[in-house]
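One line per chain: the protein sequences are A and B, in this order. Read the first sequence against this note's numbering and you will find it ends at 262, with the numbers running on by one and no gaps. Read the second sequence against this note's numbering and you will find it ends at 327, with the numbers running on by one and no gaps.
These are computed hints drawn from the structure, not numbers from a lab. Every value quoted in this text rests on a predicted model; they were computed, and no experiment measured them. All the pointers check out, no bait thrown in.
Some chain A residues well away from chain B (every beta-carbon gap over 10 Å; in silico):
1. Gly120
2. Gly138
3. Ile240
Here are some, though not all, of the chain B residues that point toward chain A, as calculated from beta-carbon distances under 7 Å:
4. Leu81
5. Gly83
6. Asp89
Even for Gly, the Cβ is constructed at its ideal location relative to N, Cα and C.
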Amino acid sequence: MSAVAIQDSGRSNIITNTLTIARRNLLHIKATPEQLVEMSIQPLMFLVLFVYVFGGAIASSSKQYLQFALPGILVQTVAFLPFTTAIAINVDFQRGVIDRFRSLPIARSAVIGGRITADGFRVTWSVLLITGLGVVLGFRFGGTAVEAAAAMILVIAFGLTMCWPMALIGITARTTESVNTLGFLIILPLTFISSAFVPPETMPGWLQGFARWNPVTAVIDAARRLMLGLPVGDALVRSIVWMIVIVAVFAPLAIARYRRRV
Amino acid sequence: MTSAIEVQGLVKRFGKVTALDGIDMVAGQGTVFSLLGPNGAGKTTAIRILSTLLVPDAGWARVGGYDVVRQPKSVRRLIGLTGQYAAVDELLSGKENLYMIGRLLGMGGSAARARATQLLADFDLSEAAGKLARTYSGGMRRRLDLAASLVGRPPFLYLDEPTTGLDPASRRDLWSMIRSLVSDGTTVLLTTQYLDEADQLADEIVVIDHGKVIAAGTSKDLKMRVGGQVVVAQPVDLGDVPTARRILESFARDEDAIHTEGEVVTVSIADGVQLGQVARRLDDEGIQMDELALRRPSLDEVFLAITGHVTEENELDVDADAERRSS
Numbered sequence: 001m002s003a004v005a006i007q008d009s010g011r012s013n014i015i016t017n018t019l020t021i022a023r024r025n026l027l028h029i030k031a032t033p034e035q036l037v038e039m040s041i042q043p044l045m046f047l048v049l050f051v052y053v054f055g056g057a058i059a060s061s062s063k064q065y066l067q068f069a070l071p072g073i074l075v076q077t078v079a080f081l082p083f084t085t086a087i088a089i090n091v092d093f094q095r096g097v098i099d100r101f102r103s104l105p106i107a108r109s110a111v112i113g114g115r116i117t118a119d120g121f122r123v124t125w126s127v128l129l130i131t132g133l134g135v136v137l138g139f140r141f142g143g144t145a146v147e148a149a150a151a152m153i154l155v156i157a158f159g160l161t162m163c164w165p166m167a168l169i170g171i172t173a174r175t176t177e178s179v180n181t182l183g184f185l186i187i188l189p190l191t192f193i194s195s196a197f198v199p200p201e202t203m204p205g206w207l208q209g210f211a212r213w214n215p216v217t218a219v220i221d222a223a224r225r226l227m228l229g230l231p232v233g234d235a236l237v238r239s240i241v242w243m244i245v246i247v248a249v250f251a252p253l254a255i256a257r258y259r260r261r262v
Numbered sequence: 001m002t003s004a005i006e007v008q009g010l011v012k013r014f015g016k017v018t019a020l021d022g023i024d025m026v027a028g029q030g031t032v033f034s035l036l037g038p039n040g041a042g043k044t045t046a047i048r049i050l051s052t053l054l055v056p057d058a059g060w061a062r063v064g065g066y067d068v069v070r071q072p073k074s075v076r077r078l079i080g081l082t083g084q085y086a087a088v089d090e091l092l093s094g095k096e097n098l099y100m101i102g103r104l105l106g107m108g109g110s111a112a113r114a115r116a117t118q119l120l121a122d123f124d125l126s127e128a129a130g131k132l133a134r135t136y137s138g139g140m141r142r143r144l145d146l147a148a149s150l151v152g153r154p155p156f157l158y159l160d161e162p163t164t165g166l167d168p169a170s171r172r173d174l175w176s177m178i179r180s181l182v183s184d185g186t187t188v189l190l191t192t193q194y195l196d197e198a199d200q201l202a203d204e205i206v207v208i209d210h211g212k213v214i215a216a217g218t219s220k221d222l223k224m225r226v227g228g229q230v231v232v233a234q235p236v237d238l239g240d241v242p243t244a245r246r247i248l249e250s251f252a253r254d255e256d257a258i259h260t261e262g263e264v265v266t267v268s269i270a271d272g273v274q275l276g277q278v279a280r281r282l283d284d285e286g287i288q289m290d291e292l293a294l295r296r297p298s299l300d301e302v303f304l305a306i307t308g309h310v311t312e313e314n315e316l317d318v319d320a321d322a323e324r325r326s327s
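With the rest of the complex left out, here is chain B (with noise of 0.2 Å):
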């Protein structure tokens, strides 16, 4: 496996905020490889440098073999950026959109043309072809601007949350459209939010957290760190919430799997134990349950597990609003 993608040291300051902190990676040709991370974790930000768009403070990237400083216009030809919002001409139609890039790329009139006509087919969108793309709905601007990245057969595509937004159906239709992509040994770096997408998507996940790498591996890796399953108890009476604990400790993988937020009781239950036992040492002790599921690791545990703390809410798009302070 070739490496495609290189990350050495990459560092990213905007003003007082450190949105990269020394980020290393390497990705290898062919792969899906994720970006995990809460908002403002430098997803972004990476995607940004990686796509020349930003230059880093400190570090470098190499993509398929170019310097992202030294060598920008070699990396340009080499990738196609869907960016976090659809990056579509609004007041173009799909059409339109995809022939201005085909010209830009270099392609002739005819050629850009006829690609345009392939891509909106392709993306399911040849009927609305003709039509401004502010009319579109959100699952239908994400896949012209995903089509728009493909105009010129990019061998290396970077998906910046493709799905943020987007309803189930929509994702799942993306999803697919992305996995077809890789069949075609196109190297796709990934970043997202949801642990389920890179779950779906990625051959490698990287999990970042305040701009540094705080795990990386393959999908299975990372869950085994969590534990394959969660339990999610409410007891119908606020009371029973301490006993109900208690016995969930018991299941618990170890002790820092089990959290209690007001009435609801969350535990990484150990391999091999089944929702049945629980359900009934809970019946047994006679506590009523408002709920009792069983639920796979969501990106909060994957962080609590590895961190030690939860996503943050409250930073939502620090990266994009120091971006933005700092220009």
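In isolation and in its complexed conformation, chain A is listed as follows (with noise of 0.2 Å):
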């Protein structure tokens, strides 16, 4: 037998592995600068759109709308950025890629933990930048910096939390379409039906049901009392259980249906 070349790839590698694949998940921001809209340009977007279009209309000024919607936009913007994860895994599949990273002497994870890392730019990139636009159209955080940091953070994690039923979505769909549109279908309801934009108490009974248990309805909330120095009250913990009961359900699913997937 001819020499080997490549070397065992022990634990270390995992990491190097873990960093190469986000690297690459990254340098694919440079090649489609639509992504670099979706991230940036579209919050921002939005942000002015909501506050400024409906501002006066919800609250008595899109000042004091300001203060309200920004943490919901935030939150929505999270939550829409893993459809990105989910079309890019849908399209490694079908070109390939997948195929080839699984022929490789690589832990499988590293795949996986290479894309969240990436994903972890990502979010990370949009929260800053629409919270820096929020404070320079007038924001102001009411609680203490660490209440701050702590908000954004919860709202990163919210962005990775969401990145795992979004994979699975991108793994098991066979066209990108059908990601598209069953990603809407989930991703739409659940940041309008919410209390992002307005309270509620101003949705009709059923609908409020909904709200009120929505998963972004307590993260907003919760990053809303923490951005406002407002008292948090449950919300955070309801945030934080919403969270890992939707890893612990869709990790698993989603990793077992990368390892199944053929």
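Using the hints, put the two standalone chains together into the complex.
Right, here's the structure in full:
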């Protein structure tokens, strides 16, 4: 047998492999400027549109509405970002890139880990960017710096949580079109029937029930209260429980589908 | 000759479809071993099992002495895989694609960069190194894909229909690259649906159909079974077809060797028959020909000779479809 050039990939290499794949996923942003638009310009546009178009009608002034809506727009943005994850995974399967990864002597967890690391970067970028613009437009944090940081971390963690159900869709769906359809059917109601843009009390009764139980509402309420310096109540605990439940359900499903899909 | 790839009684089913129905084969080290068969014969399924991407339902396979099911990591360390569709990352440049694979294989940053540069030069891609792979032509993508499977200098290289869909010039380029690889001692497992491709590259050919091995041997062995050459004849006048067929029959190597489809008569001729003889006999009968040509047997004819049926085009990609449906 001729000498084998490939070295054993031990534990230490899992980190290198994960970072290599994360780097690859982030390089995709350079190749697809529309991804950058999705991560940056789209949420900024949402912020400006909502605050200045609806703000006056919903609250008494757009300035006041900005205080209410910014946390909602942050959470909505990070709930939509994993769309890109789902589509990217789907395309990787279709193009045979996943086959190539799986035929390499690397840990399969490195492929998933690389994806999540890259998504962590994308989510953090969007959160900081939107918060920055919010502050420029006049948003004022009402609490301590620790509370503000906690809110940011919570929102970022929620974005990563949502990667798992979206990854499952990306792995399961046969075409990118069905990823789009299914994703919208799930994410759109989740983000709108919540406390993101209006208080749930203004909705009809049957919708209020959904809005109150919606995990997005829990995360928005917690982030909003932390950012405004209001008493957090049980919202923080509820959102953390929701995130644990979502990851506990969808991560094993996504990983199992990933292993099985041929 | 040590056996580098051993396969015994391999079975794989996808729902009701049996993609592999008990395949046995042995490939020697440093040889080009070809799996030849029509779409849906089970070639891709076999490659996927040998690359640890699929687990067989029965039987076993060893690559370099390692069991593909029980020691998948050891197998992955030995193989390079070039898929049916070029599995390159379209949103990365050629160079980034190869650099990424190098890093994933445990090379340091500068070693991975150096290897990428060298492979890009070897595969005539230096000029396009910095361009996104999605801007590459079909032939360039295949070359990049092949380069990607070679980054770790694997002793085993799997080529799954490497030239399907390529123009003749790109095919010849790829063939010569594959040939130079083999001279380095790499064991190549090649799947193809083209007899001429197997003929050009392979030391040993296994013909599979409906998941079964139906013939094995060198390219010469296989062609002996079909007959060296095939005459294709098409009379100008459709009414002359029966006469033409009768004449051609007298040159056939055996009674199964002649077929009529519409106005085209094909016949595998016996050894030693010259095209001139055939032409003279047709001329003597006053039959005017639209086409009269001599060619080498096609995969269809090899199939016909071995199985008694032609390759079934309507079964296109049964393999791949079945895989998709089953998951």
